[in-house]
Amino acid sequence: MTPRRLILASPALLLLPPPQPARASAEAMAAALRAFTGGAAVTHGRVTLDISPLVENGNTVPLSVIMPSPMTQAEHVRAIAIFNERNPQPHVVSARFSPHSGQAMLATNIRLATSQTIVAVAALSDGSFWSDSAQVIVTLAACLEG
Amino acid sequence: MRHVLALLLALQCLTAALAQERRSGFDDMARETQAMQREDAANPAMLWVDEGAAIWSRPAGAQGLSCANCHGAAEASMAGIAARYPAWDEGRFTAIDLAGRIAQCREQRQHAPALARESEGLLALAAFIGLQSRAMPLAPPADGRLQATRAWGEALYRQRRGQLDLSCAQCHDDNAGRRLAGSTIPQAHPTAYPLYRLEWQGLGSLQRRLRGCMSGVRAEPFAYGAAEMIAIEAWLAQRAAGMAVETPGVRP
Amino acid sequence: MARVLINIPRQIRAGETFAIRTLIQHGMESGYRPDGAGGVLARDIITSFTASFEGEEVFGLELSPAVAANPFITFSMRVQGSGTLRLRWRGDGGFDQSEVRQIIVT
Numbered sequence: 000m001t002p003r004r005l006i007l008a009s010p011a012l013l014l015l016p017p018p019q020p021a022r023a024s025a026e027a028m029a030a031a032l033r034a035f036t037g038g039a040a041v042t043h044g045r046v047t048l049d050i051s052p053l054v055e056n057g058n059t060v061p062l063s064v065i066m067p068s069p070m071t072q073a074e075h076v077r078a079i080a081i082f083n084e085r086n087p088q089p090h091v092v093s094a095r096f097s098p099h100s101g102q103a104m105l106a107t108n109i110r111l112a113t114s115q116t117i118v119a120v121a122a123l124s125d126g127s128f129w130s131d132s133a134q135v136i137v138t139l140a141a142c143l144e145g
Numbered sequence: 000m001r002h003v004l005a006l007l008l009a010l011q012c013l014t015a016a017l018a019q020e021r022r023s024g025f026d027d028m029a030r031e032t033q034a035m036q037r038e039d040a041a042n043p044a045m046l047w048v049d050e051g052a053a054i055w056s057r058p059a060g061a062q063g064l065s066c067a068n069c070h071g072a073a074e075a076s077m078a079g080i081a082a083r084y085p086a087w088d089e090g091r092f093t094a095i096d097l098a099g100r101i102a103q104c105r106e107q108r109q110h111a112p113a114l115a116r117e118s119e120g121l122l123a124l125a126a127f128i129g130l131q132s133r134a135m136p137l138a139p140p141a142d143g144r145l146q147a148t149r150a151w152g153e154a155l156y157r158q159r160r161g162q163l164d165l166s167c168a169q170c171h172d173d174n175a176g177r178r179l180a181g182s183t184i185p186q187a188h189p190t191a192y193p194l195y196r197l198e199w200q201g202l203g204s205l206q207r208r209l210r211g212c213m214s215g216v217r218a219e220p221f222a223y224g225a226a227e228m229i230a231i232e233a234w235l236a237q238r239a240a241g242m243a244v245e246t247p248g249v250r251p
Numbered sequence: 000m001a002r003v004l005i006n007i008p009r010q011i012r013a014g015e016t017f018a019i020r021t022l023i024q025h026g027m028e029s030g031y032r033p034d035g036a037g038g039v040l041a042r043d044i045i046t047s048f049t050a051s052f053e054g055e056e057v058f059g060l061e062l063s064p065a066v067a068a069n070p071f072i073t074f075s076m077r078v079q080g081s082g083t084l085r086l087r088w089r090g091d092g093g094f095d096q097s098e099v100r101q102i103i104v105t
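Protein chains in written order, with numbering that gives the first Met the number 0: chain A, 0 to 145; chain Z, 0 to 251; chain B, 0 to 105.
Next comes chain A alone, as it looks inside the complex (with noise of 0.2 Å):
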């Protein structure tokens, strides 16, 4: 439940200690992210989010991540992760891939909190690791239901 529901829902409740779990922050992404790279430099750009900035529901957003890349034993992505700011935990999903993946490419649903930063970081064979990020609102819906 959303604050904006408790409110409608009861005034009483908001006399009780909030029950909400603790959210993601820009702090915990970070370090999440660090966690995924190991602390090494992350880059922006060759590794592309797509996800539309305007969502009408934030229980199912369509995303995808694609990362031009020969996929060659020598020269390929090993992984892309996902992070985000403001869910209750910064880990999304991460993906491994292998030459046998063709490229690196993914495409899932998630479920986004609120309006936030999504970051994507690419990890490459040589070591390095390239980022993406994209900025969503989430509109409310009207008619909630639930």
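These are calculated hints, taken from the structure and not from any lab test.
Fair warning: there could be bad hints in the mix.
Ranges between beta-carbon positions, derived for each pair [said to hold, decoys possible]: (1) Ile103/B with Ala78/Z: 30 to 38 Å; (2) Asp125/A with Gly181/Z: 39 to 47 Å; (3) Arg21/Z with Ser47/B: 45 to 53 Å; (4) Ser124/A with Ser81/B: 21 to 29 Å; (5) Ser63/A with Asp43/B: 20 to 28 Å; (6) Ala154/Z with Gly93/B: 36 to 44 Å; (7) Arg32/B with Gly181/Z: 17 to 25 Å; (8) Ala40/Z with Asp95/B: 20 to 28 Å; (9) Asp95/B with Gly176/Z: 46 to 54 Å; (10) Pro52/A with Glu227/Z: 54 to 62 Å; (11) Gln33/Z with Gly44/A: 27 to 35 Å; (12) Arg144/Z with Arg12/B: 17 to 25 Å.
C-beta atoms are modelled at their ideal positions from N, C-alpha and C, and glycine is treated no differently.
Chain A is fixed; fit chains Z and B onto it per the hints.
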């Protein structure tokens, strides 16, 4: 006088244009949500269709009868069927909707345990049968006995209800196309049910959607399968006659 | 058994990259939703997905509660000849489901 005539004529043209311009909720969705409905491989509702296809040919009840034992391949026997519901139920002398007919068939013909309204099994069968009418025009039966039901449905549609004292028509006729918070108010055409609603994270029926709307205006929703529900469904089907079936749809 | 839909292109050529789209029926209970009695509903999600061709991993995905219900996963692969593709979804509560499809190179 000439001015008045011109104005009347213009008004008539406008009314005609408005009457013609019926929009499916699909048209007002984000491109990404439209893509989810357009591509079966990305449409989560197809998981229920797949389940429905399995139930269609699975024996049930004491005699081990499946839907397919009587109806054969649904692709042939069920083509256009969902587009013609609600229909007249000869046995009970009343209107019946597709979910009601499936449940009835299951109990009375298959002698199998009932499928409850909004159960996964009933939704799956309704989605599978609905798919066999996809792209066909909604074709409410020209059965005079349904007239009273439709008229009642229209009256319910226009009746103010709940603490917000709003009728369906006030939003979906008078203010369709305008925005309510972040969403466009749709014209409320029942072309895609049962559908996968992102808000539900699952498949649901038109009656679930109606109940959601009724709760939204702080009214006591009619029970699943209530005569009032069937009446509203019959009116909405008439109102959307000729529009293409989209089942199984996706909505935000 | 959860329902699964797997979309494989009809025409596959040796050495050409193609996409496989998958859907699996799963509620992906996040572990953060209130249960209506002061607690939260226990987490019940799919945590990992793997695609292997002829026993070798082609693609793997680690999932979190931020993946939408009824997970949709699209990945790509490239093969030199026909063979067996095995998809496996694993998750909380011992969830473990595998599907096997033949990849036929034309």
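Numbers of the earlier hints that this structure fails to satisfy, in rising order: 6, 10 and 12
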